[in-house]
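**Student:** Letter by letter, the chains look like this.
2 protein chains.
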Amino acid sequence: MSERPPIPRATVKRLSLYLRGLERHQAEGAVTVSSRTLGSDLGITDAQVRRDLGYFGQFGQPGIGYSVDGLIPRIKSILKIDREWNAAVFGVGNIGRALLNYPRFGPKGFHIAAAFDINESIIGTKVGACQVCSLADLEEQVLAAEIDIGILCVPMPVAQEVADRMVTAGIRGVLNFTPRRIDVGKDVDVVSVDFSRALEQLAYQVAAADGED
Amino acid sequence: MSERPPIPRATVKRLSLYLRGLERHQAEGAVTVSSRTLGSDLGITDAQVRRDLGYFGQFGQPGIGYSVDGLIPRIKSILKIDREWNAAVFGVGNIGRALLNYPRFGPKGFHIAAAFDINESIIGTKVGACQVCSLADLEEQVLAAEIDIGILCVPMPVAQEVADRMVTAGIRGVLNFTPRRIDVGKDVDVVSVDFSRALEQLAYQVAAADGED
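Chains A and B are the protein sequences, given in the same order. Residue numbers are given in this note's numbering: position 25 of the first sequence equals residue 20, and the series is strictly consecutive. Residue numbers are given in this note's numbering: position 131 of the second sequence equals residue 126, and the series is strictly consecutive.
Derived by calculation from the structure, the hints in this document are not laboratory data. If you're wondering where the values come from, they're calculated on a predicted model, not measured in any experiment. Hints are not guaranteed to be accurate.
A pair counts as met if it fits within one copy or between any two copies, since identical chains are not told apart.
[To be verified] DMTMM-like, lysine to aspartate or glutamate: derived pairs with alpha carbons at most 20 Å apart:
{"id": "1", "residue 1": "Lys75", "residue 2": "Asp205"}
{"id": "2", "residue 1": "Lys8", "residue 2": "Asp36"}
{"id": "3", "residue 1": "Lys8", "residue 2": "Asp41"}
{"id": "4", "residue 1": "Lys121", "residue 2": "Asp178"}
{"id": "5", "residue 1": "Lys103", "residue 2": "Glu134"}
{"id": "6", "residue 1": "Lys181", "residue 2": "Asp205"}
{"id": "7", "residue 1": "Lys8", "residue 2": "Glu135"}
{"id": "8", "residue 1": "Lys8", "residue 2": "Asp205"}
{"id": "9", "residue 1": "Lys181", "residue 2": "Glu156"}
{"id": "10", "residue 1": "Lys181", "residue 2": "Glu23"}
{"id": "11", "residue 1": "Lys121", "residue 2": "Asp41"}
{"id": "12", "residue 1": "Lys181", "residue 2": "Asp36"}
{"id": "13", "residue 1": "Lys103", "residue 2": "Glu135"}
Please put together the full structure from these sequences, using the hints given.
**Tutor:** Laid out in structure tokens, this is it:
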């Protein structure tokens, strides 16, 4: 349908990194951002940023930069992520509970539509906006609620088993909060959240600031 | 002391990104990784990767690549993060509790040395390896336990106030789990953990896989 020339694969990959940078700058209150800043975030040149964004007709204004609020939806549309996603939380422990009460998912287009646990004392109770279902009903509920994404917060020993059932039930992506690697086959995507990585990033920055003293 | 020529700033920035990529490949069981793979992760060329790693004498073997287990400690040493860090958890709610029980911090050199809350019913109880202290004793305990890094998990309305006290007490970096931006001044570093960002990354991947169908 589109008459736009194909965008190189490496550029598409960088778009999602630009998007994350832009959203961080937006959260920090920035209205515009320069190609130099966007490039510096990723360790690439400002010329590369301008070339990438130029592929789809986005040109920053010299001395002003790109409009943060204008560029974000444009990149989301190109990346085909300007849609709603249904997600479910598997395992209503500490992390699961925190995620069910997390205020930022809704505004970003993520609807937490179901929650599962095996603990009889919490099945049927409401956590955040969800009534906790029995994990025994996983297949039925994933289908009924049209869940795209599963958020895996179960104890480590059962992580693979629950992931297998999620995949069989038709889930397309798994956000893995367990500290073990899970195998989901090639048709399902996984992103693992490793809290130690965030701490490391902070430690780099503190150590780098020491180096500048 | 060192006779090594100075490493360009942009290269140093990329080193921490390479490190994260290498650790992911390590977690996935990779023994070696090619400059092409490392570059592709960041959307840069394999030539750039080889040039960056060449600055400190790391050369991949043609057709084999870089040794994952060899390169990781080397980069950590260059980034000066091959040391131990003392961290404290501020706010023992769902997230705080999960972090106090998180098994991956210790092996990565992060020692959770203290936990704080205002809830009288949990002050003095043990969560993970820490006895929960009163937030009233923040200044004294941060000094006594030589805390470098504060992990902020308090309710949003008190986030800035607790962050201010952390900074005054001498904390060097803040890992912010609250969904609001905090201001810590220019001498302290902040990394914010936004769970919606991880979900977005997963959504990109699922949407991209759709595009390839």
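**Student:** Treating 20 Å as the Cα threshold, decide for Lys103 and Glu135: within, between, both or neither.
**Tutor:** neither (26 Å within a copy, 40 Å between copies)
**Student:** Should Lys181 paired with Asp205 be assigned to within, between, both, or neither, using CA atoms and 20 Å as the limit?
**Tutor:** between (43 Å within a copy, 13 Å between copies)
**Student:** When no copy is specified for Lys181 and Asp36, does a C-alpha distance of 20 Å or less occur within a copy, between copies, both, or neither?
**Tutor:** between (31 Å within a copy, 18 Å between copies)
**Student:** When no copy is named, should Lys8 and Asp205 be tagged within, between, both, or neither for a Cα gap of at most 20 Å?
**Tutor:** between (33 Å within a copy, 15 Å between copies)
**Student:** If the cutoff is 20 Å on CA atoms, where do Lys121 and Asp178 land: within, between, both or neither? Let me know, please.
**Tutor:** Neither. Shortest intra-copy (31 Å) and inter-copy (34 Å) distances fail the 20 Å Cα cut-off.
**Student:** How would you classify Lys181 and Glu156 at a CA-CA limit of 20 Å: within, between, both, or neither?
**Tutor:** within (17 Å within a copy, 46 Å between copies)
**Student:** At most 20 Å between C-alpha atoms: does Lys75 with Asp205 qualify within a copy, between copies, both, or neither?
**Tutor:** between (41 Å within a copy, 9 Å between copies)
**Student:** State whether the alpha carbon distance between Lys103 and Glu134 is at most 20 Å within one copy, between copies, both, or neither.
**Tutor:** Answer is neither: 26 Å inside a copy and 37 Å across each miss the 20 Å cutoff.
**Student:** If the cut is 20 Å between Cα atoms, do Lys121 and Asp41 qualify within a copy, between copies, both or neither?
**Tutor:** neither (49 Å within a copy, 50 Å between copies)
**Student:** At 20 Å max between alpha carbons, let me know whether Lys8 reaches Asp36 within a copy, between copies, both or neither.
**Tutor:** Close inside one copy (15 Å) and across copies (8 Å); limit 20 Å.
**Student:** Should Lys181 paired with Glu23 be assigned to within, between, both, or neither, using CA atoms and 20 Å as the limit?
**Tutor:** between (37 Å within a copy, 14 Å between copies)
**Student:** As a check of your reading, is Lys8 near Glu135 (CA-CA no more than 20 Å) within one copy, between copies, both or neither?
**Tutor:** neither (35 Å within a copy, 47 Å between copies)
The structure does not agree with the numbered hints 4, 5, 7, 11, 13 stated previously, though it agrees with the rest.
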